[in-house]
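Peer 1: Numbering (this note's numbering), first residue to last: 1 to 349.
Calculated from the structure, these hints are not laboratory results. Don't be surprised by glycine CBs; every beta carbon is placed ideally from N, CA and C. Hints are supplied without guarantee of correctness; some may be wrong.
[To be verified] In silico DSBU-like pairs for lysine-lysine, Cα to Cα no more than 35 Å straight-line:
id, residue 1, residue 2
1, Lys255, Lys105
2, Lys96, Lys339
3, Lys96, Lys138
4, Lys309, Lys138
5, Lys285, Lys255
6, Lys339, Lys138
7, Lys138, Lys232
8, Lys255, Lys138
9, Lys255, Lys339
10, Lys309, Lys285
11, Lys105, Lys339
12, Lys275, Lys255
13, Lys96, Lys309
14, Lys332, Lys309
15, Lys232, Lys255
16, Lys332, Lys255
17, Lys275, Lys332
18, Lys255, Lys309
19, Lys275, Lys309
20, Lys332, Lys285
21, Lys105, Lys285
22, Lys255, Lys96
23, Lys275, Lys232
24, Lys232, Lys105
25, Lys105, Lys138
26, Lys275, Lys105
27, Lys96, Lys232
[To be verified] Pairwise CB distance ranges (calculated):
id, residue 1, residue 2, range
28, Glu304, His75, 14 to 22 Å
29, Ser306, Lys285, 18 to 26 Å
30, Ala182, Gly253, 18 to 26 Å
31, Asp349, Lys309, 21 to 29 Å
32, Pro288, Gly236, 16 to 24 Å
33, Asp310, Ala122, 46 to 54 Å
34, Ala135, Asp313, 37 to 45 Å
35, Gly253, Ala100, 47 to 55 Å
36, Gly243, Asp313, 31 to 39 Å
37, Lys105, Thr321, 18 to 26 Å
38, Glu178, Gly236, 38 to 46 Å
39, Lys232, Gly196, 21 to 29 Å
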Amino acid sequence: TTPRAATAPPGAASPPAHPPTPFVAMRVVAAAAAALGVVLACWAPGAAAGDPGQCANPVAELQAARQALIDEVLHPLNAHPMLVRLAWHDSGTYDKAVPASEWPKAGGANGSIRFARELGHAANAGLSRAIELLAPIKERFAVSWADLIQLASATAIEDAGGPRIPMRYGRVDTATEEECPAEGNLPGAEPPFPNGEPDAATHLRNVFYRMGFQDRDIVALSGAHTLGRAFKDRSGAAPEASGGEGTEYTQPGAKPHGRDTEVAYNPGGRSWTPKWLVFDNSYFKRTPEEPSLLWLSSDRATHEDSSFKDAFDAFAASQDTFFEAYSAAHAKLSELGSKFEPPEGIVVD
């Protein structure tokens with residue numbers, strides 16, 4: 001297999017429950033190609049000179065890392081929401097007003113969130129655990145941190161039942177803590193908002209317009225809150241802490257995946273939806289009157305603001321419509337501020 005140039009994103013499609021390409025098979029393919037004298041791409045973004053990963057086949061390495069994420073993190077630990085949050089917080093610092101020639105000053109998906117300085121930002125509370133989960137995979141495969149973080153998020157969405165995201169890879173990592181963005185660029189959930197905005201709708205537009213998104217994109221991305229929970233001891237946006245009793249949907253013994261079998265998870269916190277390990281359009285079907293579910297000021301804005309509400313209602317009426325919009329918005333978010341090697345990126349089928 002050789003890398004190919006990225007093309008326009010295809011329409012979203014529902015993925016298989018378990019992606020079919022095991023990393024062992026991909027390594028066998030790479031070895032067989034070498035035995036036959038076939039020259040595979042020699043690439044690892046940001047790799048130091050002499051790094052043995054430099055001459056790994058990038059497609060095989062990405063496929064291998066993807067399968068390891070599924071087998072070692074997602075299925076045994078159900079860490080889907082945390083990995084999505086990690087990738088979003090790496091990407092969500094992007095400022096389109098900063099020229100690409102000044103990379104990485106614009107922020108974005110460049111792996112800087114792995115550094116203690118950025119992990120220490122208040123909005124990133126609890127995400128050091130996500131880095132810990134990814135570190136063993138990063139050590140084994142020739143992928144950049146920026147790629148691995150975005151790969152983990154897209155894989156988590158698909159594995160939870162969401163759409164296949166039209167991703168490309170080849171992101172280059174930032175090198176030092178000094179390249180981390182300033183604190184305060186991520187969206188807030190409740191007032192007072194970082195820039196003194198009078199309401200949540202204005203705040204959401206200020207943050208997401210800065211990144212190049214429009215109202216429909218904002219609502220689509222908000223729909224990812226179908227996954228996960230908020231915690232008192234992390235974002236502070238919920239009254240329940242991690243490891244506590246939680247709500248009827250987050251207490252020990254709940255069924256956040258919607259099946260009768262038991263599932264491993266740390267109880268506590270408050271979820272936006274009853275089945276908070278399933279990616280679907282249920283975020284748009286709930287009502288503010290449900291006391292056990294989370295409704296933040298930012299959630300109410302997407303439900304009540306006239307422009308946001310048009311998209312909100314469309315996504316409630318059709319999961320396919322939501323998946324199509326979400327897939328495109330997620331792919332765009334995953335590339336904000338990224339520098340690719342090769343410049344056209346690498347697509348993994």
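Peer 1: With reference to the structure, classify each hint as holding or not holding.
Peer 2: For each hint, the structure was consulted:
Our distance criterion of 35 Å between C-alpha atoms is broken by Lys255 and Lys105, whose separation comes to about 43 Å. Proposed proximity of Lys96 and Lys339 is supported: the alpha carbons are some 14 Å apart, at most 35 Å. With a C-alpha separation of about 29 Å, the suggested pair Lys96 and Lys138 falls inside the 35 Å cut-off, and the hint holds. Restraint check: the Cα-Cα separation between Lys309 and Lys138 comes to about 41 Å, which exceeds 35 Å; the hinted pair is violated.
For the hint pairing Lys285 with Lys255, the CA-to-CA distance comes to about 19 Å; that is within 35 Å, so the pair holds. Annotation: proposed proximity of Lys339 to Lys138 holds, straight-line Cα distance about 19 Å (limit 35 Å). In summary, the hint linking Lys138 to Lys232 is supported, as the alpha carbons are separated by about 30 Å, within the 35 Å threshold. Using a Cα cut-off of 35 Å, the hinted pair Lys255 and Lys138 holds, with the two alpha carbons roughly 31 Å apart.
The hinted pair formed by Lys255 and Lys339 fails the criterion: a straight-line CA distance of about 40 Å is larger than 35 Å. This hinted pair checks out: Lys309 and Lys285 have alpha carbons roughly 12 Å apart, not beyond 35 Å. Of the pairs offered as hints, the one joining Lys105 and Lys339 holds, with about 12 Å between alpha carbons and a cut-off of 35 Å not exceeded. With a CA separation close to 7 Å, the supplied pair Lys275 and Lys255 stays within the 35 Å bound.
Only pairs whose Cα atoms come within 35 Å are accepted, and Lys96 paired with Lys309 is accepted, the gap being roughly 26 Å. About 22 Å separates the Cα atoms of Lys332 and Lys309, which keeps this hinted pair within 35 Å; it holds. For the given pair, Lys232 sits about 21 Å from Lys255 by alpha-carbon distance, which is consistent with the 35 Å threshold. Taken as a hint, the Lys332 and Lys255 pair is honoured in the structure, with Cα atoms around 32 Å apart against an allowance of 35 Å.
Straight-line distance between C-alpha atoms of Lys275 and Lys332 comes to about 26 Å, which keeps the hinted pair within the 35 Å bound. For a cut-off of 35 Å, the pair hint linking Lys255 to Lys309 stands: about 30 Å separates their Cα positions. Of the pairs offered as hints, the one joining Lys275 and Lys309 holds, with about 23 Å between alpha carbons and a cut-off of 35 Å not exceeded. In summary, the hint linking Lys332 to Lys285 is supported, as the alpha carbons are separated by about 25 Å, within the 35 Å threshold.
At most 35 Å may separate the alpha-carbon atoms for a hinted pair to count; Lys105 and Lys285 exceed this at roughly 39 Å. Taking the CA atoms of Lys255 and Lys96, the gap is near 41 Å; set against the 35 Å cutoff, the hint is violated. For a cut-off of 35 Å, the pair hint linking Lys275 to Lys232 stands: about 20 Å separates their Cα positions. The suggested pairing of Lys232 with Lys105 holds, with an alpha-carbon distance near 32 Å, which does not exceed 35 Å.
Pair hint Lys105 plus Lys138 holds up; C-alpha atoms about 24 Å apart against a cutoff of 35 Å. Distance check on the hinted pair: Lys275 and Lys105 sit about 38 Å apart at the alpha-carbon level, beyond 35 Å; violated. For the hint pairing Lys96 with Lys232, the CA-to-CA distance comes to about 32 Å; that is within 35 Å, so the pair holds. Separation of Glu304 from His75 is about 38 Å and departs from the stated range, judged on CB atoms against 14 to 22 Å.
For Ser306 and Lys285, the Cβ-Cβ distance of about 20 Å falls inside the hinted range of 18 to 26 Å, so the restraint holds. The hint said 18 to 26 Å for the Cβ distance between Ala182 and Gly253, and at roughly 43 Å that hint is violated. At roughly 38 Å, the beta-carbon separation of Asp349 and Lys309 lies outside the given 21 to 29 Å, and the hint is violated. Between Pro288 and Gly236, the C-beta spacing of about 20 Å keeps the proposed range 16 to 24 Å intact.
Under the hint 46 to 54 Å, the C-beta atoms of Asp310 and Ala122, about 33 Å apart, miss the expected range. Range check, Ala135 to Asp313: Cβ separation about 42 Å, and the 37 to 45 Å hint holds. Between Gly253 and Ala100 the C-beta distance comes to about 50 Å, which sits within the given range of 47 to 55 Å. At roughly 37 Å, the beta carbons of Gly243 and Asp313 sit within the given window of 31 to 39 Å.
Take Lys105 and Thr321: their Cβ atoms lie about 36 Å apart, and the range 18 to 26 Å is violated. For Glu178 and Gly236, the hinted distance range of 38 to 46 Å is not satisfied, since their beta carbons lie about 28 Å from each other. A C-beta distance of roughly 25 Å is found between Lys232 and Gly196, which places it inside the suggested range of 21 to 29 Å.
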